[in-house]
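J.: Here are the chains, one letter per residue:
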Amino acid sequence: MSDLTNTDYLEYLLKSLSIKSTESLSWLNQLRAQAIDRVSTQKLPTRRDEEWRFTDISPLTHLPYQPSKLECNLHAHDIEHLTLKEAKNRLVFVDGHYSQDLSTISDSAALVIGNLPAFVATHASILESHVGQYVQFDNNVFAALNTAFLRDGALIIVPKDIAISEPIHLLFIATQNEVTSYPRCLLIGEAGSNVTLIEDYVALQQATYITNSVTEISLAANAHAKHIRIQRESAQAFHLANCGVSLAHASNYQSVSISLGSHISRYNLDVRLTDEAAECVIDGLTLISDRQLADTHTCIDHMKPKGTSRQQHKCIVNDAAHAVFNGKIIVRPHAQRTNSSQSSRNLLLSKTAQVDTKPQLEIFADDVKCAHGATVGQLDEEEIFYLESRGLSPEVARNLLTFAFGAEIISRIPVSSLRQQLEQAVLNQTQSS
Amino acid sequence: MIDENSRTILSVQGLRASISGTEILKGIDLTVKSGEIHAIMGLNGSGKSTFAKVLAGHSAYEITGGSIQFEGNDLLKLPPEERARAGLFLAFQYPIEIPGVANTQFLRLAYNTVQTKRGKEELDPLEFDDFVREKMKLLDMKADFLDRSVNEGFSGGEKKRNEILQMALLEPKLSILDETDSGLDIDALKIVANGVNQIANNNNATILVTHYQRLLDYIVPDFVHVMQAGRIVMTGGKELALELETRGYDWVNVDKSVAGIIA
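Residue numbers (this note's numbering), protein chains in the order written: chain A, 1 to 433; chain C, 1 to 263.
In short, the hints are calculated from the structure, not lab data. Since this is a predicted model, take the numbers as computed values, not measurements. Don't take each hint at face value.
To be verified - Anything over 12 Å on all C-beta distances counts as not near chain C; from chain A, calculated: (1) 37; (2) 208; (3) 290.
Said to hold, decoys possible - Okay, the calculated bits of chain C under chain A, using three or more residues with CB under 8 Å as the criterion: (4) 77-91; (5) 98-106.
All C-beta atoms in this analysis are idealised placements derived from N, C-alpha and C, irrespective of residue type, glycine included.
Using the sequences plus the hints, can you model the full thing?
T.: Here is the structure:
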């Protein structure tokens, strides 16, 4: 494939797409048709777009990868090392396609869990009222592409007042080279429910591919959800992800997102506190090296009074890697007594590492507390001295502090086997001798 | 305790040190022998905390003159970690917080590092747990102290107790306590002082760096030194601290002649 111009690229992608009238429910076809329409009127973003000014996505135009094929040759033992012993429910998607053989569902009586197509007929009205509602694609070409290619995905509905104590593991495994997969997740937490969801993107080999994912989460009144998102794709992969969260009255959303993989990755997280007294805690860790680029854009939108948000984002950047964090906090005119804090801390481990961090506060109410701060730098010499004074060598002191910098975020993941895997990943990537 | 036959642990002679070209220590002489407790008192800016950091090997300070012998060896040749392994301990005025690392992991790492360098056996996590819990009794510390991140969210008193716990674990020959009393209420002060008193013995020595006499009600020094403008201007017994408490540091200025005689 020779190089394509920006517009050609999107056209080329759409060529492969046709909506068959025989396909189920018209609302889904309509949504996809709208998305296709939106794709055809948009362009790939460039660095001239404010939302993309730090991230050059143009290498994508060289990779007009077609949707992945449904060809899963994996067996249970191939993914054993990726499973989490705490998770009794595991949905496995291979290159975006659901694999029933690799998945384990043990709570089908307590909750609705499975892949989207299985519920399109039985849960049409609820799906219609949620799919595409929290991640808008009008001005987001990647979300539009994902929606246009929407074929499969994960669906979880936690019924009213049901608490699921074990985490639910959504495992997205990349196996094919030079393809695009379009994972899709929808989590609906009904009133008073409680669930922990792990969204986990992994690769079995160092392939070049594109993951374009969309996750939508809706929490009704007093619902609680913990959302753990692990991006550990191949180092040659492109990962473009959008997550939209809608929080109703006094609901509580806690998110920990960890970005380790991909050549270029972009994660947009939009959280809307649509009713009073909603709470969210948003934690992020980016750990990259070589020439990786990882861009995290978050938006926390306080739409109603008495909402609380706390956000901490950290980046550990080595070699010539480049991390971006843009954290927007909106407090709407009527969202009085909002309490919001944001911290962005960045650790540069080499002279050529780069971080762009941008807090962006848009506050239109007057009775609010909004604290924010950002730091970029090396390890603190006073902290190193403290550890040396306890007998540790300078190398061990630096390694410990670097590890701790990442481990602080990882420690908030409520799944111990996953915590251990990630702590090991931090050790592997940060420890020098 | 003063004993004619005790050995010299620390010998400082004519020590001068600067930071960013500004001289802070302007010729300090001090000898500390085993079994002794010394208090170094002085106003803020007198150089007493700098002296503590220089002893521990802080790299921000440049040594511009004088010498420090630690058990007969040239301390200034050693980087901070080797000073710690040789048996010098500094309890920090502001201990750092390390979120993400459990206190027990940190304590065991420090303990095992120092043990190994002293040619002794390491302890595995279970053995260490027994060992550290025993030491924690000295300081009336709760068990959850071990599982929490290092100093994260600790109260002022808890941080200082954690410093003294490290001191108990590392068994230093010379402990330097930098303003350990600052920010402590009276109960915490008693606990910390009790811990220090139990660790002090005939084979080690302690230097208390403090602004106030209060700590010295609970840890009774053998010597009190008054620092001013980077020098020790007066030395006396424990009664000197009381004198300072009632008459203030200005009295030292007035009585420079007295200072000269005593020192």
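J.: Evaluate each hint against the coordinates.
T.: Right, here's what the structure says about each hint:
1. 37: holds (47 Å)
2. 208: holds (33 Å)
3. 290: Residue 290 (chain A) clear of chain C: closest Cβ-Cβ about 24 Å, beyond 12 Å.
4. 77-91: Answer holds; 8 residues pass the 8 Å Cβ test.
5. 98-106: holds (count 5)
Hint compliance for this structure: no hint is broken.
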